[in-house]
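Read in the working numbering, the sequence shown has 190 at position 22, and its numbers run on one by one without any break.
What the hints contain is simulated information worked out from the structure, not anything from laboratory work. Treat the hints with care, since some could be wrong.
[As the list claims (entries may be wrong)] The following label-pair restraints were derived from C-beta to C-beta distances:
#: 1; residue 1: Y290; residue 2: N226; range: 35 to 45 Å
#: 2; residue 1: D219; residue 2: D304; range: 22 to 32 Å
#: 3; residue 1: W217; residue 2: K249; range: 21 to 31 Å
#: 4; residue 1: L207; residue 2: G274; range: 13 to 23 Å
#: 5; residue 1: D304; residue 2: D257; range: 32 to 42 Å
#: 6; residue 1: D257; residue 2: D220; range: 13 to 23 Å
C-beta: ideal position from N, C-alpha, C; glycine also.
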Amino acid sequence: MNETIIRSKVINAMIKGEGDLSEKMISSIANELEPYTRLRILESNVLNWGDDRGILKNSTAQQQFMKTVEEMGELASALSKNDLDKISDGIGDVLVTLILVAKLTGIDLTHCLSMAWFEIKYRKGYLNSQGVFVKDESA
169 MNETIIRSKV INAMIKGEGD LSEKMISSIA NELEPYTRLR ILESNVLNWG
219 DDRGILKNST AQQQFMKTVE EMGELASALS KNDLDKISDG IGDVLVTLIL
269 VAKLTGIDLT HCLSMAWFEI KYRKGYLNSQ GVFVKDESA
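Please model the complete structure; the sequences and the hints are all you need to start from.
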């Protein structure tokens, strides 16, 4: 099978969240995709998963936000134990709930991140030794 066909099958499997390809193969090729493409495919998978399970129909943004808070607690616990596997899982779980919050409020995830980026990209300052970000007000 030629490389283009394999890549096409992998992308389709990722979009559908299924396929007969090994997870290792999907992961390997997915890592070669542009980050934006990977993010959009994964976002689509999360939304399809949420739709299939009735979350998008029967939940609210507030309920999913409370789930985000719960997942952040689990992430905090993993961070306190320096458990890298649980930290990775926790970050992923928080992202899943935030994707659902964005969808339930009708806001595009990329728009949210873009707004945050444009708010901070020219921010001047530094993180001091006590862990406090000190803004440079002269800029």
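Status of each hint after checking the structure:
no.	hint	verdict
1	Y290 - N226: 35 to 45 Å	42 Å, holds
2	D219 - D304: 22 to 32 Å	45 Å, violated
3	W217 - K249: 21 to 31 Å	28 Å, holds
4	L207 - G274: 13 to 23 Å	19 Å, holds
5	D304 - D257: 32 to 42 Å	36 Å, holds
6	D257 - D220: 13 to 23 Å	21 Å, holds
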